[in-house]
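Taking the hints into account, I'd like the entire structure generated from these sequences.
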Amino acid sequence: NAGVTQTPKFRVLKTGQSMTLLCAQDMNHEYMYWYRQDPGMGLRLIHYSVGEGTTAKGEVPDGYNVSRLKKQNFLLGLESAAPSQTSVYFCASSGVWNQPQHFGDGTRLSIL
Amino acid sequence: DQQVKQNSPSLSVQEGRISILNCDYTNSMFDYFLWYKKYPAEGPTFLISISSIKDKNEDGRFTVFLNKSAKHLSLHIVPSQPGDSAVYFCAASASDSGYALNFGKGTSLLVTP
Chain Z
1 NAGVTQTPKF RVLKTGQSMT LLCAQDMNHE YMYWYRQDPG MGLRLIHYSV
51 GEGTTAKGEV PDGYNVSRLK KQNFLLGLES AAPSQTSVYF CASSGVWNQP
101 QHFGDGTRLS IL
Chain R
1 DQQVKQNSPS LSVQEGRISI LNCDYTNSMF DYFLWYKKYP AEGPTFLISI
51 SSIKDKNEDG RFTVFLNKSA KHLSLHIVPS QPGDSAVYFC AASASDSGYA
101 LNFGKGTSLL VTP
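Chains as they are written, first to last, in my numbering: chain Z, 1 to 112; chain R, 1 to 113.
Hints are not guaranteed to be accurate.
[As the list claims (entries may be wrong)] Result set (BS3-like, lysine-lysine): computed pairs, CA atoms no more than 27 Å apart in a straight line:
| # | chain 1 | residue 1 | chain 2 | residue 2 |
| --- | --- | --- | --- | --- |
| 1 | Z | K9 | Z | K70 |
| 2 | R | K56 | R | K37 |
| 3 | R | K105 | Z | K9 |
| 4 | Z | K57 | Z | K71 |
| 5 | Z | K57 | R | K105 |
| 6 | Z | K57 | R | K5 |
| 7 | R | K54 | R | K68 |
| 8 | R | K37 | R | K68 |
| 9 | R | K54 | R | K5 |
| 10 | Z | K57 | R | K37 |
| 11 | Z | K71 | Z | K9 |
| 12 | R | K37 | R | K54 |
| 13 | Z | K57 | Z | K14 |
| 14 | R | K68 | Z | K9 |
| 15 | Z | K70 | Z | K57 |
Calculated from the structure, these hints are not laboratory results. Bear in mind the structure is a predicted one, so any value in this text is a computation, not a measurement.
In C-alpha cells:
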C-alpha cells in the first residue's frame with residue numbers, strides 16, 4: 001500500500017546544478033501537486049496537474065519546471081539550483097472533485 | 001499574501017481535556033476546508049474536512065466547525081490524547097484552481113499526561 005512515493009528522500013546540491021524530483025502515486029488519482037515547506041511556514045504550492053499531459057503554475061513557480069507524461073508520475077525539475085530553493089518538497093495527489101490530498105513523506109533538498 | 005491564517009503557533013492541553021485549534025481565511029471563493037496532522041520527517045496526514053455547504057463535520061474525537069460569515073473554522077479534539085501531539089495545518093481550496101490547497105502556517109499541539 002505505497003500511496004505517494006517521493007524519490008530521493010535527501011539530496012545536497014551545489015548552486016547551479018540541476019536535478020529532478022520524482023513523485024509516483026498508485027491510487028489512479030487525476031490530480032497531482034508539488035509543494036514546498038520552509039521553516040515556520042505552511043506548505044506553498046509550486047505547480048500542479050489536473051491530468052496527464054497538463055500542468056499549471058501555483059503560488060511559487062519560479063525556478064521550477066514540471067512534467068506529467070504519465071498519469072501516475074509527476075516530475076519536478078530544478079534547472080539551475082539556488083540556495084533559496086533549499087526546502088522540504090512534498091508531492092500530493094487526489095481524486096477528482098474535492099477529494100483529500102494524500103502526501104508523500106517529502107524530499108529534503110539542500111543547496112550550497 | 002497569506003489567505004489562510006493560524007494565529008496560534010502553539011497550544012498546550014492536558015490529556016483528557018478539549019483541544020481547540022483555530023483558523024481564519026480571507027478568500028470567499030474557498031469551498032472546501034481540511035485539517036492535516038503532521039509529525040516530524042513525515043508528510044501531512046489528512047484528518048478531517050468540511051464542505052462550504054455544511055457548518056459541522058464529526059469523525060470520532062475530531063469535529064470541525066465552519067462559520068462562513070466570519071470566514072473562520074475550528075478543529076475540536078475531545079478528549080485529547082498524548083498521541084495527538086503534532087503540528088496541525090488548516091488548508092482551504094477552491095474548485096476553480098484545481099483544488100490546490102492553501103495552507104496556514106500550522107499550530108503545534110502538545111498534549112501532556
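Each hint tested on the structure:
no.: 1; hint: Z:K9 to Z:K70; result: holds, 21 Å
no.: 2; hint: R:K56 to R:K37; result: holds, 19 Å
no.: 3; hint: R:K105 to Z:K9; result: holds, 23 Å
no.: 4; hint: Z:K57 to Z:K71; result: holds, 18 Å
no.: 5; hint: Z:K57 to R:K105; result: holds, 21 Å
no.: 6; hint: Z:K57 to R:K5; result: holds, 22 Å
no.: 7; hint: R:K54 to R:K68; result: holds, 9 Å
no.: 8; hint: R:K37 to R:K68; result: holds, 23 Å
no.: 9; hint: R:K54 to R:K5; result: holds, 21 Å
no.: 10; hint: Z:K57 to R:K37; result: holds, 26 Å
no.: 11; hint: Z:K71 to Z:K9; result: holds, 22 Å
no.: 12; hint: R:K37 to R:K54; result: holds, 22 Å
no.: 13; hint: Z:K57 to Z:K14; result: holds, 25 Å
no.: 14; hint: R:K68 to Z:K9; result: violated, 39 Å
no.: 15; hint: Z:K70 to Z:K57; result: holds, 18 Å
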